[in-house]
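Trainee: Chains as they are written, first to last, in numbering that gives the first Met the number 0: chain A, 0 to 381; chain B, 0 to 381; chain C, 0 to 381.
Quick caveat, the hints were computed from the structure, so don't treat them as lab data. Take the hints with a grain of salt, since some may be wrong.
One copy or any two copies: either way a pair holds, since identical chains are not told apart in the list.
To be verified - Straight-line distance between alpha carbons at most 30 Å, and here's what the computed DSBU-like set of lysine-lysine pairs gives:
no., residue 1, residue 2
1, K245, K279
2, K129, K340
3, K3, K200
4, K314, K301
5, K371, K53
6, K19, K345
7, K311, K345
8, K311, K273
9, K345, K144
10, K184, K314
11, K239, K283
12, K19, K50
13, K19, K187
14, K50, K379
15, K314, K283
16, K144, K50
17, K291, K371
18, K279, K291
19, K279, K200
20, K3, K371
21, K3, K50
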Amino acid sequence: MNLKEKLTALGKFKSDNYGKDFLLTTEKTLDEIKYIGELAEVLKEFHRQSKSFKLFDTGLGISIFRDNSTRTRFSFASAANAVGLGLADLDEVKSQIAHGETVRETANMISFLAEIIGIRDDMYLGEGNKYMREVSDAVAEGHEKGVLHRKPAVINLQCDIDHPTQSVADLLKLKDYFGSFENLKGKKLAITWAYSPSYGKPLSVPQGIITLMTRFGMEVSLAYPEGYNLIPEIEADVKKQNSNFKIVNSMEEAFKDADVAYPKSWAPFEVMKKRTELLKNSDKAGLGELEKACLANNAKHKDWECDEEKMKLTKKGEALYMHCLPADITDISCKAGEVSKDVFEKYRIHTYHEASFKPFVIASMMLASKFKNPEEELLKRL
Amino acid sequence: MNLKEKLTALGKFKSDNYGKDFLLTTEKTLDEIKYIGELAEVLKEFHRQSKSFKLFDTGLGISIFRDNSTRTRFSFASAANAVGLGLADLDEVKSQIAHGETVRETANMISFLAEIIGIRDDMYLGEGNKYMREVSDAVAEGHEKGVLHRKPAVINLQCDIDHPTQSVADLLKLKDYFGSFENLKGKKLAITWAYSPSYGKPLSVPQGIITLMTRFGMEVSLAYPEGYNLIPEIEADVKKQNSNFKIVNSMEEAFKDADVAYPKSWAPFEVMKKRTELLKNSDKAGLGELEKACLANNAKHKDWECDEEKMKLTKKGEALYMHCLPADITDISCKAGEVSKDVFEKYRIHTYHEASFKPFVIASMMLASKFKNPEEELLKRL
Amino acid sequence: MNLKEKLTALGKFKSDNYGKDFLLTTEKTLDEIKYIGELAEVLKEFHRQSKSFKLFDTGLGISIFRDNSTRTRFSFASAANAVGLGLADLDEVKSQIAHGETVRETANMISFLAEIIGIRDDMYLGEGNKYMREVSDAVAEGHEKGVLHRKPAVINLQCDIDHPTQSVADLLKLKDYFGSFENLKGKKLAITWAYSPSYGKPLSVPQGIITLMTRFGMEVSLAYPEGYNLIPEIEADVKKQNSNFKIVNSMEEAFKDADVAYPKSWAPFEVMKKRTELLKNSDKAGLGELEKACLANNAKHKDWECDEEKMKLTKKGEALYMHCLPADITDISCKAGEVSKDVFEKYRIHTYHEASFKPFVIASMMLASKFKNPEEELLKRL
Numbered sequence: 000m001n002l003k004e005k006l007t008a009l010g011k012f013k014s015d016n017y018g019k020d021f022l023l024t025t026e027k028t029l030d031e032i033k034y035i036g037e038l039a040e041v042l043k044e045f046h047r048q049s050k051s052f053k054l055f056d057t058g059l060g061i062s063i064f065r066d067n068s069t070r071t072r073f074s075f076a077s078a079a080n081a082v083g084l085g086l087a088d089l090d091e092v093k094s095q096i097a098h099g100e101t102v103r104e105t106a107n108m109i110s111f112l113a114e115i116i117g118i119r120d121d122m123y124l125g126e127g128n129k130y131m132r133e134v135s136d137a138v139a140e141g142h143e144k145g146v147l148h149r150k151p152a153v154i155n156l157q158c159d160i161d162h163p164t165q166s167v168a169d170l171l172k173l174k175d176y177f178g179s180f181e182n183l184k185g186k187k188l189a190i191t192w193a194y195s196p197s198y199g200k201p202l203s204v205p206q207g208i209i210t211l212m213t214r215f216g217m218e219v220s221l222a223y224p225e226g227y228n229l230i231p232e233i234e235a236d237v238k239k240q241n242s243n244f245k246i247v248n249s250m251e252e253a254f255k256d257a258d259v260a261y262p263k264s265w266a267p268f269e270v271m272k273k274r275t276e277l278l279k280n281s282d283k284a285g286l287g288e289l290e291k292a293c294l295a296n297n298a299k300h301k302d303w304e305c306d307e308e309k310m311k312l313t314k315k316g317e318a319l320y321m322h323c324l325p326a327d328i329t330d331i332s333c334k335a336g337e338v339s340k341d342v343f344e345k346y347r348i349h350t351y352h353e354a355s356f357k358p359f360v361i362a363s364m365m366l367a368s369k370f371k372n373p374e375e376e377l378l379k380r381l
Numbered sequence: 000m001n002l003k004e005k006l007t008a009l010g011k012f013k014s015d016n017y018g019k020d021f022l023l024t025t026e027k028t029l030d031e032i033k034y035i036g037e038l039a040e041v042l043k044e045f046h047r048q049s050k051s052f053k054l055f056d057t058g059l060g061i062s063i064f065r066d067n068s069t070r071t072r073f074s075f076a077s078a079a080n081a082v083g084l085g086l087a088d089l090d091e092v093k094s095q096i097a098h099g100e101t102v103r104e105t106a107n108m109i110s111f112l113a114e115i116i117g118i119r120d121d122m123y124l125g126e127g128n129k130y131m132r133e134v135s136d137a138v139a140e141g142h143e144k145g146v147l148h149r150k151p152a153v154i155n156l157q158c159d160i161d162h163p164t165q166s167v168a169d170l171l172k173l174k175d176y177f178g179s180f181e182n183l184k185g186k187k188l189a190i191t192w193a194y195s196p197s198y199g200k201p202l203s204v205p206q207g208i209i210t211l212m213t214r215f216g217m218e219v220s221l222a223y224p225e226g227y228n229l230i231p232e233i234e235a236d237v238k239k240q241n242s243n244f245k246i247v248n249s250m251e252e253a254f255k256d257a258d259v260a261y262p263k264s265w266a267p268f269e270v271m272k273k274r275t276e277l278l279k280n281s282d283k284a285g286l287g288e289l290e291k292a293c294l295a296n297n298a299k300h301k302d303w304e305c306d307e308e309k310m311k312l313t314k315k316g317e318a319l320y321m322h323c324l325p326a327d328i329t330d331i332s333c334k335a336g337e338v339s340k341d342v343f344e345k346y347r348i349h350t351y352h353e354a355s356f357k358p359f360v361i362a363s364m365m366l367a368s369k370f371k372n373p374e375e376e377l378l379k380r381l
Numbered sequence: 000m001n002l003k004e005k006l007t008a009l010g011k012f013k014s015d016n017y018g019k020d021f022l023l024t025t026e027k028t029l030d031e032i033k034y035i036g037e038l039a040e041v042l043k044e045f046h047r048q049s050k051s052f053k054l055f056d057t058g059l060g061i062s063i064f065r066d067n068s069t070r071t072r073f074s075f076a077s078a079a080n081a082v083g084l085g086l087a088d089l090d091e092v093k094s095q096i097a098h099g100e101t102v103r104e105t106a107n108m109i110s111f112l113a114e115i116i117g118i119r120d121d122m123y124l125g126e127g128n129k130y131m132r133e134v135s136d137a138v139a140e141g142h143e144k145g146v147l148h149r150k151p152a153v154i155n156l157q158c159d160i161d162h163p164t165q166s167v168a169d170l171l172k173l174k175d176y177f178g179s180f181e182n183l184k185g186k187k188l189a190i191t192w193a194y195s196p197s198y199g200k201p202l203s204v205p206q207g208i209i210t211l212m213t214r215f216g217m218e219v220s221l222a223y224p225e226g227y228n229l230i231p232e233i234e235a236d237v238k239k240q241n242s243n244f245k246i247v248n249s250m251e252e253a254f255k256d257a258d259v260a261y262p263k264s265w266a267p268f269e270v271m272k273k274r275t276e277l278l279k280n281s282d283k284a285g286l287g288e289l290e291k292a293c294l295a296n297n298a299k300h301k302d303w304e305c306d307e308e309k310m311k312l313t314k315k316g317e318a319l320y321m322h323c324l325p326a327d328i329t330d331i332s333c334k335a336g337e338v339s340k341d342v343f344e345k346y347r348i349h350t351y352h353e354a355s356f357k358p359f360v361i362a363s364m365m366l367a368s369k370f371k372n373p374e375e376e377l378l379k380r381l
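Just chain A, with the same shape it has in the complex:
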């Protein structure tokens, strides 16, 4: 299909993204997610062909990063620039959990000429997604009351629950690798905990993967050492809604016959919960102790490394290795990590390619939320 055909084909999806935030993939229909995904593919092809998809004349794309980020920051900046928005970063104190009037007021004060607000807030369990909704409610009120001419759409750039720009980018990598959304059905994906010498990594990536990929019919195995579970409600929900999801207790079991291996470290739910409390109380000593205990616990599971031997267990020994990057690579970024040097090097370019979808996914979410028919606008550009 050429670009014109691809754009026209977008009309087949029943998609109601216009005027909406993108906060959780679970709040979107499959058609809406497919629409976002295929629009992202179109934008990627526009870029490859040096065609413009700058649909905004002016306006701000505001980013609020309440945790460090280089990759997502540049993805957001790239997307904002490409669609024609000026980037403005709200530099909030990272460790502060702002709520109530401060959030409500600040959200409006920065939004008089804003179109999009992208937020990363993934450090506090029970807080990140909530904060995004507070911002969204605030600007919705501002718009309703006539203070804001337009309601900026909020895009989740990673929260405590989900990381939709990552999981949709991963979905597009899988689509590209296996040929179509249809082809994902029945493919086996192993998303497993992996050892890392660091601690406090969010749960949002594995949670985003299990919730999204099961809906596309993949056979998803989640594996982790005892006690390293994700948010229990999320695990339960995915189980309830899908027969194609199971939790196992070893990397080996998950990898068996897998088409896709996604080994990735995270901090156990219980640790994240304690950490949230300690962070709220600014309890530095407590945080230090928790980190120490958690790292010691991690160290018992150094065998949870994705190495060549384990990869041999996968389908024909040739599963696609995936990672949201940066990975903790044994003998490269650390002594012992999530993945062996050889496995990573074999799939390195694949992981870069996986990441390459993200700026276009963000751009797609921006256009889909702010234009009734982005495809019509884009057709005019051909």
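Dock chains B and C against the given chain A, drawing on the hints supplied.
Mentor: Relative to chain A, chains B and C alone:
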């Protein structure tokens, strides 16, 4: 009036803003201020209707913030983006009072492709506005000597004397509320000190209000506890030039029959003067003592809170409450503050609406200083 | 020549800048440097006439500053904005020498929609230019493997070896002053060490000057106190390739009959080498001692100041004084510095004018590396 009529009507003002800085409202004629104000209204309407007022092709809008700011920073960023300028922030060490060759050279070095320089410098009495003039003189020399192709216009984003982007935004809120500039004549405005648990708030907002609103014929009452006066020369000048200005000693007296109530904390002139000296000498101990003494003094005036009872004293108990935000709200942002929770909540959306004029006021100042007839350029866009 | 003629005349140069980085002037032919220079002059004239040279629709111009910078930062920001790129700054920890997989991955992760990467990395001998090549190799691989649609061009904004955007700007100042590239032949340029109360200034400016200006036929004298030599290989290379280069031991000797005087402080090669080792080892105590020793050594050479008496030794006492700014000016920025107050003031506007070429040189490098025939695109704009 539709946009075309509004734009055409701008021709009635005798305005000479082209090529000029905007440093103090007192340096501008009433016609020039009205022109800036009505042009801002037009730009706001352009934005509401999603019409472009991006009159610049490229060029930098430079911001120099020598004090913290979120609201004005985003207003400036929004305005720069909307008129077509790229934002570049000069990150100067805040506590440093730069003068002489350093200012002269830096101003030129950053300005080769600059169109606008917005500056906030409000911490040092006798320094902020002076610094803006040094920057302006430096780029004027650079332009005259052929180093700069164009002289960037300097816009005061708050100094020790005035806060013109705020006071003009406030003026537009008042115009909107009462219907016209004409209708402001005779309306009673109470600008009063209010208690705050913080210290060191600049004098520029109340100074900006009394100098500007008296010129529009409002009956302005300035109220503060003994010793909490503004810069004496400014109070004296406003008195000399206007019969419609008085200073009273209680919030109650100022509020009586007021059409508008603007209660806002500030640090007394004498404190700001001492603080400036201590800051110049980097006298941390001295600064700590001054803060302590000042806060203790403030605490004697906790009754200077704008509450429902005091609001009842205003005209029909229904004066418009105004604030430049963020306000210190009792039981919300602090235990005791400038305004009670109930009063603030009643007028909250009004304060957001008040703030919504600021980015358009800044955009208007940008266009008025850099285009001979912005209205003609804008007419072409309709 | 008018703009059309100038643009057409660019065709005379055999230039192969398209798709290439700009890392060292020594890697470029004279024609390529002349092309970059004359294209920069054209862009400067475009800007003077308020004509647009915004050839990019969108795309990122990424800056990586691994050392402080105001002037070059704004030059890069101005250039990016003028050619139509959005600025994105990668805020790396300055003191960190990143290599290997981290550089390779990060370079790709930020570059999905990037067109240009400008890098300043001048603190570590043997590292800065190497780092730029690692970034360039990484994005070249990413492009080759299909991860990046386009390979961003890397522009050296100052490294341990060269400072090409500065030396080409200086070249254009000299061309403007003497009338043509041709006229530079035989003109005597003195580039000399000068006293400064600071230490650790990079060697790249003097190195950039001696390598570039000798190639344009200038008679270049490099002068410094014993032990203050530049990188030995660079001095040797320039000597080998040029008969019009010599090293002398006093400012006076270099200044004799000079047409151009360029007095500028730097840290001796041996000090920079030791400093690099100490920085690599984060040896704070060692760094402190080295600074102390170096400053004490500098202090023996306070007579290396460019004052009126020394300027009298130059041709007719009227050599052009040059500096890359900021200069250490005696009685202005320090007690004793590189240049006396009177000499600097006499040539101050000349130094500003010298600096004014830099943003246009950077813009020229951007366009030359990313457009096959920028002159054709620009001709369409006339």
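Trainee: Name the hints, by number, that the structure is in violation of.
Mentor: 1, 3, 8, 11, 13, 15 and 17
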